[in-house]
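Participant: Generate the whole structure from the sequences, applying the supplied hints.
Numbered per numbering that gives the first Met the number 0, the sequence shown spans residues 0 to 385.
It should be emphasised that the hints constitute simulated quantities derived from the structure, not laboratory data. If you're wondering where the values come from, they're calculated on a predicted model, not measured in any experiment. Ideal placement from N, C-alpha and C gives every residue a C-beta, glycine not left out. There could be a bad hint or two in this list.
[To be verified] If you anchor each label on the Cβ, the simulated ranges turn out as follows:
1) Leu208 <-> Arg150: 20 to 28 Å
2) Val165 <-> Gly343: 29 to 37 Å
3) Thr152 <-> Gly212: 24 to 32 Å
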Amino acid sequence: MSAPGGAHPKRRLLPRVPPLAPWLHADVILVVAVAALTLFGIAMIYSATRGIDPAAYSSFHLQRQSLFAVVGALMGAVAAGVDYRRFHSLAWPLYGANLLVLILVLTPLGSVRQGARAWFVFGGYQVQPSEFGKLAMIVVLAHYAARFGGRMTLGQLLGALGLVAVPMMLVLLEPDAGTAVVFAVIAMGLLLVAGAQARHIVVATALGLVGLGLVLNSGLVEEYQRQRIESIVNPGGDPGDTFNIEQAQIAIGNGGLTGHGYGQGTQTRSGLVPAQETDFIFTVVGEELGFLGSVLALGLLAVLLWRIWRAARVAGDLFGSLLATGVLCMVLFQVFQTVGMAAGIMPVIGIPLPLLSYGGSSLLTTMMALGLVLNVSMRRHVVRAS
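Facilitator: Given below as structure tokens:
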């Protein structure tokens, strides 16, 4: 992917543009893809949580995800409506706020769930700050890297990696190894497009892994944290992960060409696939809608990725291109990882399938990120003219 050259200009007043003018250039295909995937996800979450006895069904997940979708659409519209160039001035405050909440969640203020202290609880709603941290990191990295006009020296790269390392280590301490990996993938993809040399990134990554190994064996982290992080390197060492993958493969294999029918999956209704409404939502698609339904879901995701990629290519400046690139890396990796995990070819690291998996923090973050992409795409003409 090529990125437009030229460092962002010194801070100056942005030209006055009628508020609705950029929306005339909105990417309708992107909006339709997001809406279709969100509705598809709500339908699959309903099926995944329906259980064996429909009479005992609780609509909790369906209602929550529908609410998250409405709020997410509004937040995405806000992210699209504010000229993205204004995020230059918000980058460092966002980064600082992100570090603060990632530190606070490690204190007794954070709630423990599934062995990780990674959530805040407000009135029955769980908020996962590391999810929103992905978006904060994309903004600050794009802001930082755009200053160098498409060419980064080793020193500039190390500065960027330092920005990533701090929140990434905080997330690892929760421990949430899956989200930490997403952080790393976003950083590598965005910095490559920003002009960093691949060999520098490889060397820096190797040094980072060595440093992580030293930390894990230094006694500074708890044993359960170390085991959760090491499960990425040795996923087969956890019998629970092996069981999860086996059940997921059975579910997908049961689907055949056309599936058992919506709401009729035997593995799904019996709840044999763990976390089937979240991490393993793709197994529900595979079992109930079969190969054809899986192709439909992947096709919609492919359209989404295509439009994000296009936004990065046509962006009016480097900052916009890097914002879209960061979102592309985030969505692409999460799709590859979650689908691969369901198929048994990727380790179980617990990350959501964008727009399809249940979860408010994930859906809101994804909607805001895609709002930024829409923002970049529909303001390309205004940015070039200014």
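Participant: Each of the hints needs a verdict: does it hold here or not?
Facilitator: Structure-based check of all given hints:
{"no.": "1", "hint": "Leu208 <-> Arg150: 20 to 28 Å", "result": "26 Å, holds"}
{"no.": "2", "hint": "Val165 <-> Gly343: 29 to 37 Å", "result": "34 Å, holds"}
{"no.": "3", "hint": "Thr152 <-> Gly212: 24 to 32 Å", "result": "27 Å, holds"}
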